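Enquirer: In case you want the letters, here they are:
Number of protein chains: 2
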Amino acid sequence: MYITSIEIKDKRFDLAEGVGSDATHTTPQYAYAVCCLNTDAQTTGIGLAFTLGAGNDLVCKAIEYLSVGLVGREIEELMSDFGTVYRGMVDSPSFRWLGPHKGVVQLALAAVVNACYDLWAKSRQVPLWKLLLDLTPEQLVNTLDLSYLEEVLTREQAIALLTDNLSTRNSRKDVLITGYKGYDTSVGWFNFSDEKIVENTKKAISNGFTALKLKVGSDDPLRDIRRALLIRKTAGDEATIMVDANQKWNVPQALDICKRLGEINPFWIEEPTHPDDVFGHQTIARTIAPLKVAAGEHIPNKIIFKNFLQAKAMDFCQVDAVRVGGISEFLTISLLSKSMGIPVVPHVGDMGQIHQHLVLFNHIGMNHEHLFLEHIPHLKQYFDNPAEIVDAYYQIPQTPGSSSDLKD
Amino acid sequence: MYITSIEIKDKRFDLAEGVGSDATHTTPQYAYAVCCLNTDAQTTGIGLAFTLGAGNDLVCKAIEYLSVGLVGREIEELMSDFGTVYRGMVDSPSFRWLGPHKGVVQLALAAVVNACYDLWAKSRQVPLWKLLLDLTPEQLVNTLDLSYLEEVLTREQAIALLTDNLSTRNSRKDVLITGYKGYDTSVGWFNFSDEKIVENTKKAISNGFTALKLKVGSDDPLRDIRRALLIRKTAGDEATIMVDANQKWNVPQALDICKRLGEINPFWIEEPTHPDDVFGHQTIARTIAPLKVAAGEHIPNKIIFKNFLQAKAMDFCQVDAVRVGGISEFLTISLLSKSMGIPVVPHVGDMGQIHQHLVLFNHIGMNHEHLFLEHIPHLKQYFDNPAEIVDAYYQIPQTPGSSSDLKD
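Residue numbers (our numbering), protein chains in the order written: chain A, 1 to 408; chain B, 1 to 408.
This is chain A alone, in the form it adopts within the complex (with noise of 0.2 Å):
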């Protein structure tokens, strides 16, 4: 199958009031810079990138540049050796002037990762997940650009990483019959009313869900922790509750919040603080244990993510393949983690519906623990497939491909 030629979509989605805000971003409308793969099939690969609407122009723009090499490739071709491929587009000698490996230039590279790998599950006519599962650790790692990760990570180290979790596979395979747990989102977006946060929780436990999150990060911290109160209180003390300040505080401010809200008793407070600063991260996460840290949805690619656990910076690596290097450098990543032993719960850009593969292929393949997935279900009526929660569980897909289809 030979890509033939490329087309890009700008797509925009209007969100109802308060919906995806948080403190940080608080007018948010969901979009994606679409790569589209067509070939001489009927098939179409599809790769998605997220933001927020403003400047997608300019990431359909630079989707344009980093995919023009791609027009008369074979798909299983190009794929033996992605890794190569893969590098060849990061480091054009010009291009990379413009990241490197960040920013709009990589959001456009996970468009264009994203495409190929959707063609090539479509093109054997297998979901993402089923592929993936399928290639040897060799043909894996060869999709993977482990360039600058040499003193913690070699291809050796990551192939001997798949390879000894090959024979425990089966035991990990009944998370395809009970489908993998999802976390509700969409209860406390920052800009809901306190009863309608109270409303959504009720709604969210009633329909199965155990864990939930709270957006915090109020210019007064008194509001927070007056919600964080009120949504443990409506789920109960059983309920896995998360808070996501979403980068508003300065290290100082992070650890007289975090403190105070540790009396909700919060499974992890998410980007206390801004995303690139690795040592704010690990003042935050050393002072408040045994509090936990997570963050990942604004680190832009495996270097950062290196330096941050190599730090002891985060308990949970929320790594998002709409915003990293795509699908390549989101196992790169897990296998990062996976090595130095921290568990990977995406942010879901895509609203899950290219991580629900993903991450049964992070448990079954690299034996990454079955936490749960981040569930965002504002877009579900433009999918051709959306990903499918039954009693908060994230049913199995089966249609071929990475479930990035949208409707016209």
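Watch out, some of these pointers could steer you wrong.
The list treats identical chains as one, so a pair stands whether inside a single copy or across any two.
Calculated lysine-lysine pairs in the DSS-like style (CA-CA distance at most 25 Å, straight line) [as the list claims (entries may be wrong)]: (1) K407 / K9; (2) K61 / K11; (3) K233 / K203; (4) K61 / K9; (5) K130 / K380; (6) K312 / K292; (7) K233 / K202; (8) K407 / K61; (9) K196 / K380; (10) K11 / K380; (11) K233 / K196.
Keep in mind the hints are simulated off the structure, nothing from the lab. Just so it is clear, the structure is predicted and the values come from calculations on it, not from any experiment.
Dock chain B against the given chain A, drawing on the hints supplied.
Expert: Below, chain B alone, put in the same frame as chain A:
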């Protein structure tokens, strides 16, 4: 003086064979994304961001998003609290997703911010260095955004640092007579032949330069070592020679090759590995000491600089005002570096046009050591007022503004 409209220009300049090449950026153009602030007077504020050509249009497009709020603003009023304006631009709730504070949007920010300072200096009819020296410490700090630095540099500490150095300014004003020392980067571009770098070295020495740079990072380290020895032999034992790997090595490679380059007694080794890798640089700096590490050309913001400084991962801070968020963030990072004991020796994506002003202020106003400023002559003919260098010393610019005006 009121800003009446914004104009954006995409300027690209082809270079002679081999010029500008390094181990990573093998075939550069030089390009500026230019933000022009037109006013109700005859004056236009000009701000530059630097790229290597490909994707310069993306930066231009991002300038449009960031600058729109400046129309209608009066320049003195704008600059009186520019730190707040700056924070408003970088934290615009949806556009911020594309960074934050890095990549294309940060380059665009540089152009917008630089245009504001340029206009401010022109409106007061003074060169930028004099404008900055004329401001009180409070007025200067009002133009900065110190958020996310609270645990290392508060507003009060920043003001105190400037105030403490007021009384000794006169002792550092010699530089206004001697000029600011330059070093020559253009002797040793990566693609130049051995003969050419020897010839260039001789020419540079005869033009008065005592400090030179060689690009390294060859696939075959023996090439690097051979060329470094050649330059050392040609320039003599007294010459100051820097070597620059432009991110080409991974950490184990850097450790190996730096040790071997130590033979020629380099003044620093620049960008030995990936610019995001704080711990990589820390390991290299610790291991190769007393050899010194320089970095910063690709570090996009104050937060990552903070981390490098905290880790003692750089001996020289090469912040570039056309990579970080312009003159404002350059000054923030200069204050940070000074307070943490590290000299600032800028990378000059602007060919030194703006930085010749900034190092004068850094030296006189902040008591940063007068080391030397990179000199790259390749775009001289395109500037209205190109930096003048006589006997290897930058002459003091006297024209109002930041010397950023380009010929049509």
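Enquirer: Going through the earlier hints one by one, which of them does the structure break, listed in rising order?
Expert: Every hint satisfied by this model.
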